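J.: The whole structure should be built from the sequences, with the hints applied where relevant.
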Amino acid sequence: MSPSFTSASTLDDALAAVASGARPVAGGTDLVVGARQGKAPLPNDIVAIDRVEGLRALEISDAGLRLGTLVTHGDIVANADIRNRFTALADASAIVGSHATRAQGTIGGNVMNASPAMDTGGPLLCFDATVTLRSAKGERTIGLDALWTGPGKTSAAPDELLVSVDLPAPGEGTGSCYVRLEYRRQMEIAVVGATAVVVLGDGNVADARIAITALTPTIRRVPAAEKTLVGTAADADAVKAAARATAAAATPISDVRGSAEYRRAMAEVMATRAIAAALTRARGGSVPIPASPAMYGAKES
Amino acid sequence: MATVETAPGFVRQDGKEKVTGTGRYTADLTLTGMAHVKFRYADHSHAKILKIDTAKARALPGVVAVVTQADLPDVRFGGFVQDRYLFARDVVRFEGEIVAGVAALTEDIAAEAARLIEVEYEPLPVISDYVEAMSPDAPLVHEGLADYEKDENILANGNTMAFHTIVKGDADAAMAGADVVVKSHYRSDASQGVPIEPRAVVAQWQGDKVTVWSSTQVPYAARAGVAQTLGIPEADVRIIVPLLGGGFGAKCDLHFEGQVAAIARAAHRPVRLVFSREEEFKAIAQRREGISMDFETGVTRAGELIARRATLILDKGAYCGEGGFLGQMAAMHACGPYQIGAIKIESHLNYTNNQPSGSVRAPTAPQVCWGLEQHMDEVAAAIDMDPVELRRRTLIEEGAEGPTRQVFDHVGVKDTLEKAVEMIDYGRELPEDEAIGVAIGWWPCMPASSGAYVQMNGDGSATIVTGAQENGSGAVMAMPMFVGQELGIDPDDVSVIYQDTDVAPWDMGSCGSQTTFNSGRAILAAAQEVREQLLDAAAEQLEADRGDLELTEGSARVKGSPERSVAIADLVGEIGTVHGKGSGEVLDAPEGDTGGCVGRLGNETFLAPQLITQAAHVKVDRETGVVRVLRVAAAHDSGRILNKKGADGQVFGGVVMGVGLALSEGTMLDDQGRQRNPHLLDYKLVTCSDAPQIDVEWIEYDSVGPRGSKGVGEPPQVPTAGAIANAIAKVIGRHVGELPMTPERVWLATHGNGA
Amino acid sequence: MKVAATLMVNGTSYPVELDPHVSLLRAVRDELGLTGSKEGCDDSECGACMMLLDGEPVNSCSYLAMQAVGREVTTVEGLAGDEEVGPLQRAFLQQFGVQCGFCTPGMLISATALLRSNPAPSDEEIRIGLSGNLCRCTGYDGIVKAVQQAASGDVPPMRGAPVHADATPPHHAG
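Residue numbers (this note's numbering), protein chains in the order written: chain A, 1 to 301; chain B, 1001 to 1755; chain C, 2001 to 2174.
Hints listed in this document are in silico derivations from the structure and should not be mistaken for laboratory results. Just so it is clear, the structure is predicted and the values come from calculations on it, not from any experiment. In this text, a Cβ means the ideal position worked out from N, Cα and C, and glycines have one as well. Mixed in with the good hints there might be a few duds.
[Stated by the list, open to error] In silico DSS-like pairs for lysine-lysine, Cα to Cα no more than 25 angstroms straight-line: (1) B:K1051 - B:K1414; (2) B:K1645 - C:K2145; (3) A:K153 - A:K137; (4) B:K1644 - B:K1183; (5) B:K1644 - B:K1414; (6) B:K1644 - C:K2145.
[Unchecked claim] Some chain A residues well away from chain B (every beta-carbon gap over 10 angstroms; in silico): (7) R23; (8) G150; (9) A224.
[As the list claims (entries may be wrong)] Output of the computed footprint for chain A on chain B, the stretches with three or more beta carbons under 8 angstroms from beta carbons of chain A: (10) 1620 to 1631; (11) 1669 to 1683; (12) 1742 to 1752.
T.: And the structure:
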């Protein structure tokens, strides 16, 4: 059967196309690159959704943040409210790929790619993001832990389209940070990443979310580490203990990017840095966005 | 004479086409009826070929040719050892070996046809570890090595393709008399040249003659290789190089021009091969080799180097190619530009079932320099001396003896050291996670013949005809500037015809930093002939003494009397044909005492060595092992600098390439010698945001090349990794024993587990 | 099976027949004959194929040509506008930001995108903005200086006669 390509201008058109078996494409990057690298051939039928009305909306209010599926990493980084209130997400979007990746790559494509190394995954999990999947039959909203079932795998049905990602508003006293181990400053993929979202109340940690990236088959939170931190005054020992607990949850692989031993050690380092920076931000201190490069020292000495 | 600043407003003549996108590189060429080539690569890293069945591929609609070695003359090619067929005949020896080639109407059909070729193999044991390759029970990569055609000075044995020694005095006895003896072991991974343009070749036959457009650095070597492997005269082979998208050595040697020409002949139509990035990693026979290095130096408490022993083992990979000299070159770099009392270096260049190694920007030097310069810092530490001071006391100088007792003329290496440490403010206080490291290296000038024509046109403009190859550096593009200066005309009025073997005399091509040194010498000699003709004619016309005349601003005129002048265009009209040809005198390699050395292939002395000190200021994240290079100060002795902006550009590019070599560029292999990271996400080049600040100073004096110059292009790559390594060691307190010094390796060394 | 489509590239509309799976890069090079954009890696790692899509940079090797239908595509061939060589391009030449030239088209596109969104970038912003484009020749020094010069607005015109830009054999510059 010869390949087909359609470009949807309305959501109904897009849903009809995916219902008949077409694969959606927005920024295009992962799908086309994946095909070239022999991961999966390009799907026979493709529906471009990048011109569907309304899917690039970015709404931020007291209730929280709604990212239309077509919102790009560049859109996220440029938004002052996201930088203030969902700082870890801005940390992540700011270091995805290169300027071109950030201009074209969408949050929806990123989430549905379900890579265990995706930079935005940890922040989204820690901010309790939900995704809304719609099909011609209706729509449902699920958490990311229910969406991601394995590396590159999701629980979405073939006829479902991710239309938005919702993040509830973080409470007063929240600080957050995402950092990754990066060999280069740009054009990098996370070898190890860590996210921390902390809420301070009366000087103590009232709530904590910690997630690890590229260390488990899907990005996941580490409740044991979160528990370690909650209720403490977040001193150095508490941070260290939480970071240790974070590393203990890692089940890293050895590959060309690093050995399992190194990755496990780096899990603790990245977790320590993410928690410390999130605490600094929660206390009103300043850590630049993206946080990651600053962790290695800027070029100026 | 001071540095020659680049003429204000000078713009390279290939510049406009490059910035407007109208310039054509090989992959941009399309010929009427052109078919597309794909190769079928080996399915094993080492196996006997029992049978190749091409029937299914030939039957696929759209396929116009399938070629195997059975269709070609029984000819092996290679530099010092002739060990390879264009297409594997009996045995495949590495994963990128070509078994067959296909041409079809589309790339997709060609790829499918290549897949449909059925090859039956008998797998053979694989030897990928180049040190293990020397053990008596290692499987042999070339069973027939003893019977191959080879250079008479090649000493081959088992898997060792070439064995070399450098011997000066009695190193064993001298070592016994040292105050302190320091031993070090270092090992580098293989790495890659990675020109941003993947290789492309287009071939078209007209009768018995073939024209090949190729992204090669060495068109004349390609011509000779096509002629040899296809059994036709060189006169019937024309190599044209469209714009070349970088090479860095990776595009040296005969490289697929023979296969593509053979496929075009079988297809009865023009064909084009364009490599993917993955093929550019796996199939080319020109990577930077892995080297295992053991150094042992005997030193006095006063810092005199009285003895050096070293054993080098190099990974040749599966075939010789043009890289037969690598072992000998490495041995010279294990000595370095130092005065050492007695020397014994042994070097083994070993076959393996890995990708073949060849010349990549200063072949062997950056890795060996990285090891040696760390070893030198270890020697300094052992006698409690500052490493810069140790170098001050031991570097070569005018009148000093080299490793094979060549006696050096003026060399500026000590000046480069003083300049570099001054530039970086060596010794100043730094934060505890930062440090400055220093390394010094050298690289020879490569004398070679070359020929050129310069002809005057009727309007007073001039045309250069040269065999020189522009790799992108601008070395050939600077020639109009030099010729314009000789003839007193605007460089923009001097054009260049180049990169076409049917047009110009033989040239070595873009390799060995030799374009200015040799091609430039020939072009200047040709220009000087023209200059003489113009001056003769002007003297007659102006009735002036020849010695009183100058050529300037498009005219010949009497010095001090600008009114007595004649336009060069008018002189040309008067004379008729004005043209010059030139070769210049090819210099000999310096004399030395090389009688005690074996495996002499021509690198046992260094003509007019280029000398380089670089100092690197780095910041190390001890917790992760991530290293950021903040600044590199580069002080180079390349003789006179003829085109400062162009020369600076070589340093900027070479240093950044060296940063990659130091920190992130390593080819990783599995136990079958297959590459695990043949793509740019996991073979990491330095990006713009990771490139350090680079400061350049030139130490200038008259050397032996044209206008007092030496080469420029390769040296910047040589000591960069060593300088970075010594800086890292200062921060973490230990030397990192493996190259590249990836974050994980630095982290391991920091925490006591590394080498 | 190919489908009829119209691509708008550098202000010119091109009716073409496109394979639905063909990348924008291949379509522009093979169908339109605009070979200025280069294929250096085919997986968005080198930036040699960079084009502007409605003014935003895109790695055209990883973008389907069909997705570009109805959008304005700009390649290196379109950067000079009405000039023979635009100021950014001249700055690249004057600062020795061009050596082999293979990364140059993509670099120029990224620099154009950067200067449009940030007319006075810092050194750091330039370096981040060009990090999606690998260069092996220049060490980036001349390129960064060229972008600074272009941002300053002070880029002298080219001197000398127009260059013969057809590099079909025999190769002849001058």
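J.: A separate judgement is required for each hint: does it hold in the structure or not?
T.: Status of each hint after checking the structure:
The hinted pair formed by K1051 of chain B and K1414 of chain B fails the criterion: a straight-line CA distance of about 61 angstroms is larger than 25 angstroms. Of the supplied pair hints, the one linking K1645 of chain B and K2145 of chain C holds, its CA atoms being roughly 13 angstroms apart against a limit of 25 angstroms. For a cut-off of 25 angstroms, the pair hint linking K153 of chain A to K137 of chain A stands: about 22 angstroms separates their Cα positions. As the CA atoms of K1644 of chain B and K1183 of chain B are separated by approximately 41 angstroms, the hinted pair breaks the 25 angstroms bound.
Distance restraint check for K1644 of chain B and K1414 of chain B: the Cα-Cα separation of roughly 22 angstroms lies within the 25 angstroms cut-off, and the hinted pair is therefore satisfied. The straight-line distance between the Cα atoms of K1644 of chain B and K2145 of chain C is roughly 16 angstroms, inside the 25 angstroms bound, and the hint therefore holds. With a least CB separation of 21 angstroms from chain B, R23 of chain A remains clear of the 10 angstroms interface cut-off, as annotated. Non-interface status of G150 of chain A relative to chain B is upheld: no Cβ of that chain comes within 10 angstroms, the nearest being about 21 angstroms off.
With a closest Cβ-Cβ approach of about 22 angstroms to chain B, A224 of chain A is found to remain outside the 10 angstroms limit, as its non-interface label requires. Counting residues of the segment 1620 to 1631 of chain B whose CB falls under 8 angstroms from any CB of chain A gives 6; the rule of at least 3 is met. Closer than 8 angstroms: that is the beta-carbon criterion, and the segment 1669 to 1683 of chain B has 5 residues meeting it against chain A, so the requirement of 3 holds. For the segment 1742 to 1752 of chain B, the assignment as covered by chain A holds, since 5 residues bring a beta-carbon within under 8 angstroms of that chain's beta-carbons and 3 suffice.
Hint compliance for this structure: hints 1, 4 are not met, and every other hint is.
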